[in-house]
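These protein sequences, in sequence, are chains D and U.
For the first sequence, numbering that gives the first Met the number 0 gives the first residue as 0, with consecutive numbering after it.
For the second sequence, numbering that gives the first Met the number 0 gives the first residue as 0, with consecutive numbering after it.
Since the hints were derived computationally from the structure, they do not count as laboratory data.
None of the values given here were measured: they were computed from a predicted structure.
Be careful, since some hints might not be right.
Have a look at the derived ranges for each label pair, beta carbon to beta carbon [what the hints assert, rightly or not]:
id, chain 1, residue 1, chain 2, residue 2, range
1, U, 21, D, 46, 28 to 36 Å
2, D, 53, U, 152, 38 to 46 Å
3, U, 342, D, 87, 34 to 42 Å
4, D, 61, U, 137, 30 to 38 Å
5, D, 60, U, 224, 31 to 39 Å
6, U, 133, D, 147, 40 to 48 Å
7, U, 21, D, 53, 53 to 61 Å
8, D, 32, U, 60, 51 to 59 Å
9, D, 36, U, 269, 55 to 63 Å
10, U, 55, D, 61, 25 to 33 Å
11, U, 55, D, 53, 30 to 38 Å
12, U, 279, D, 103, 53 to 61 Å
Heads up, the beta-carbon is just placed ideally off N, CA and C, and yes, glycines get one too.
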Amino acid sequence: MEEANPTRTELLAKKAQIELAQQGRDLLKEKRDALIVEFMAVMDRVVRSSQKLEQISNEAQYALTVAKAVDGSVAVRSASFATGGEVRVDVRGSYIMGVPVPEITKKSVKRTLVTRGYSLTGMSSRIDETAECFEEELDIILDIAAIETRLRRLGEEIAKTRRRVNALDNIMLPTLKEQVRYIQMILEERAREDLFRLKKVKKAIEKRKRAQEAAKKSTVPC
Amino acid sequence: MGTDYGYANARVRAMKSYLFRRPFYEKLLQMATLQDMTTTLAKTPYARDIDEAMIKYSGIRGFDEALRMNTMRTFRKILKFVDSDGRELVDILVGRWDVSNIKTILRGKNIGASTEDIVTSLIPAGELDEITLRELAGQLDVRSCIDLMATWRLPYASALTEAFPEYTKRRNMTSLELALDKTYYEDAFSRLKRNSMNVSLVREILRREIDLTNIMTVLRVIKDEIEPKQAKRFLLEGGKEFDMERLESLLKEASIEDVVFKLKTSSYGRVLESHMNDYFESGSLVRIERSLEETAVRRGIAMFRADPLSIAMIIGYIWAKYNEIINLRVIARSKMVGMPEDKTREALILA
Numbered sequence: 000m001e002e003a004n005p006t007r008t009e010l011l012a013k014k015a016q017i018e019l020a021q022q023g024r025d026l027l028k029e030k031r032d033a034l035i036v037e038f039m040a041v042m043d044r045v046v047r048s049s050q051k052l053e054q055i056s057n058e059a060q061y062a063l064t065v066a067k068a069v070d071g072s073v074a075v076r077s078a079s080f081a082t083g084g085e086v087r088v089d090v091r092g093s094y095i096m097g098v099p100v101p102e103i104t105k106k107s108v109k110r111t112l113v114t115r116g117y118s119l120t121g122m123s124s125r126i127d128e129t130a131e132c133f134e135e136e137l138d139i140i141l142d143i144a145a146i147e148t149r150l151r152r153l154g155e156e157i158a159k160t161r162r163r164v165n166a167l168d169n170i171m172l173p174t175l176k177e178q179v180r181y182i183q184m185i186l187e188e189r190a191r192e193d194l195f196r197l198k199k200v201k202k203a204i205e206k207r208k209r210a211q212e213a214a215k216k217s218t219v220p221c
Numbered sequence: 000m001g002t003d004y005g006y007a008n009a010r011v012r013a014m015k016s017y018l019f020r021r022p023f024y025e026k027l028l029q030m031a032t033l034q035d036m037t038t039t040l041a042k043t044p045y046a047r048d049i050d051e052a053m054i055k056y057s058g059i060r061g062f063d064e065a066l067r068m069n070t071m072r073t074f075r076k077i078l079k080f081v082d083s084d085g086r087e088l089v090d091i092l093v094g095r096w097d098v099s100n101i102k103t104i105l106r107g108k109n110i111g112a113s114t115e116d117i118v119t120s121l122i123p124a125g126e127l128d129e130i131t132l133r134e135l136a137g138q139l140d141v142r143s144c145i146d147l148m149a150t151w152r153l154p155y156a157s158a159l160t161e162a163f164p165e166y167t168k169r170r171n172m173t174s175l176e177l178a179l180d181k182t183y184y185e186d187a188f189s190r191l192k193r194n195s196m197n198v199s200l201v202r203e204i205l206r207r208e209i210d211l212t213n214i215m216t217v218l219r220v221i222k223d224e225i226e227p228k229q230a231k232r233f234l235l236e237g238g239k240e241f242d243m244e245r246l247e248s249l250l251k252e253a254s255i256e257d258v259v260f261k262l263k264t265s266s267y268g269r270v271l272e273s274h275m276n277d278y279f280e281s282g283s284l285v286r287i288e289r290s291l292e293e294t295a296v297r298r299g300i301a302m303f304r305a306d307p308l309s310i311a312m313i314i315g316y317i318w319a320k321y322n323e324i325i326n327l328r329v330i331a332r333s334k335m336v337g338m339p340e341d342k343t344r345e346a347l348i349l350a
């Protein structure tokens with residue numbers, strides 16, 4: 000236990016610290032609860048998006064297999080040469096309960112038949128569907144990347160807040176309370192000592208007084 | 000000079016006897032792995048291609064490479080034993096490989112793919128041989144490829160030069176590819192002006208092919224809700240059943256069902272109608288397209304039964320071989336990913 004100066008001023012300071020720590024703990028608990036609510040909402044989105052990603056990924060793989068089987072991997076590779084593109088994302092920051100989280104905004108990477116880069120006349124609908132599925136998959140991956148980062152940040156913040164609450168609850172507040180008890184005990188001890196000393200002094204004074212009175216009586220002539 | 004189809008057809012008939020039949024496909028379908036399939040095919044006319052391909056690659060990549068080499072070898076072999084008029088007609092038929100190879104080269108140059116990547120994506124089964132295509136693929140960029148084609152006086156060069164400014168605006172390949180497809184058919188029809196049975200047969204095949212491409216273009220455009228004005232440029236002229244006016248009116252239809260209803264009386268009506276339920280269930284045009292392809296394949300293979308002293312036998316063989324390659328690819332892929340047998344059978348055309 001941290002040594003405390005057993006004075007009344009220190010006692011008052013420690014009591015003020017306890018009050019402040021309790022207020023801080025309550026605030027952190029509120030923050031943690033709010034973060035958990037937000038975390039669960041984001042978690043729900045992540046789970047739904049992951050399921051969707053799994054489904055679209057299977058569809059995309061199936062479409063690719065069919066396209067490679069019927070049109071040939073050469074045709075698919077050739078189509079992929081024609082459809083090179085770019086993904087533009089805008090990453091900005093925002094705050095949830097003071098936690099910085101990234102906001103990723105993007106344009107959908109889905110393209111139409113005419114913007115995909117190849118001519119309709121030389122390609123089959125199998126290749127269209129493969130491209131469509133993979134574009135959708137890429138869209139979902141980008142969405143998940145944004146919400147997963149948000150989820151990770153929130154998770155880290157919840158863990159940090161929980162650690163702080165636990166530190167206040169289990170270490171800081173008990174220590175402060177112990178220190179207050181210790182100071183109070185010392186102060187009470189001192190008070191008792193003072194009282195005892197005063198009583199002793201009083202007794203000594205009274206004894207001296209009594210002795211003086213007795214001496215006075217014995218010297219008075221009869 | 001007229002072509003003696005007797006010799007060519009005797010060779011093709013011999014090659015036809017090596018084409019796989021239904022029992023062989025059934026045997027392949029029952030095999031557990033791609034390895035088993037490759038081993039079985041190594042005892043067929045694919046042996047040489049499989050041996051050569053498996054030295055370079057393994058697994059499905061090796062298998063694909065073997066099929067690519069076999070396609071190349073087979074079609075070049077046909078070109079060798081047909082001469083004069085017949086050669087020109089076969090050149091026209093296999094010219095689609097040239098178009099597809101030039102597209103691959105231009106696409107590769109567009110994204111800066113390496114020459115080696117581009118070359119391994121080519122199937123030199125047309126008029127342009129591997130050395131010519133390799134030279135083209137080795138050019139610096141799209142512009143130099145077009146310039147080289149102009150130097151070689153290839154029929155596609157002028158159309159590509161015309162479409163080039165549009166390409167440079169957005170570096171979108173659509174205009175160049177469209178120019179290639181349109182030129183292929185224009186050039187083919189300009190070479191098919193004579194009046195002979197063989198010329199008519201080839202003309203008929205190409206016109207049917209254009210019909211099929213146009214029907215699929217209309218369906219894809221309507222599914223993707225593209226403006227008719229924007230979509231019009233993707234239609235090819237010269238079809239047998241559908242002229243431009245009819246196709247443009249189809250583009251204005253509101254839905255796939257309306258298009259299918261309008262095509263009810265055409266020779267594709269029955270096929271389209273029979274797959275509408277698939278479309279409603281899946282929202283996919285893949286089954287419809289495969290069925291239309293099946294119609295074309297069966298029509299092509301039926302040429303085997305036409306005049307044995309005409310080009311019909313060669314046309315029939317080209318379709319049958321093309322279909323065989325696709326069937327083998329479908330079965331191989333299904334083994335690789337463990338596709339259910341019913342799904343595999345859906346993609347097969349067992350003529």
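Results of checking the hints against the structure:
Our hint of 28 to 36 Å for residue 21 of chain U and residue 46 of chain D is violated, since their Cβ atoms are close to 48 Å apart. Roughly 54 Å separates the CB atoms of residue 53 of chain D and residue 152 of chain U, a value that falls outside the hinted 38 to 46 Å. The hinted range of 34 to 42 Å is satisfied by residue 342 of chain U and residue 87 of chain D, whose Cβ atoms lie roughly 37 Å apart. Between residue 61 of chain D and residue 137 of chain U, the C-beta spacing of about 36 Å keeps the proposed range 30 to 38 Å intact.
The hinted window of 31 to 39 Å between residue 60 of chain D and residue 224 of chain U is violated, with their beta carbons roughly 26 Å apart. In this structure, residue 133 of chain U and residue 147 of chain D meet the distance hint of 40 to 48 Å, their C-beta atoms being roughly 46 Å apart. Checked against the hint of 53 to 61 Å, the C-beta distance between residue 21 of chain U and residue 53 of chain D comes to roughly 38 Å, which is inconsistent with it. For residue 32 of chain D and residue 60 of chain U, the Cβ-Cβ distance of about 55 Å falls inside the hinted range of 51 to 59 Å, so the restraint holds.
A beta carbon spacing of about 59 Å between residue 36 of chain D and residue 269 of chain U agrees with the range 55 to 63 Å that was offered as a hint. Here the CB-CB span from residue 55 of chain U to residue 61 of chain D is close to 28 Å, well matched to the stated 25 to 33 Å. Between residue 55 of chain U and residue 53 of chain D the CB atoms are about 35 Å apart, so this pair conforms to the stated range of 30 to 38 Å. Distance hint for residue 279 of chain U and residue 103 of chain D: a CB-CB separation of about 36 Å, inconsistent with the stated range 53 to 61 Å.
The structure shown violates the earlier hints numbered 1, 2, 5, 7, 12.
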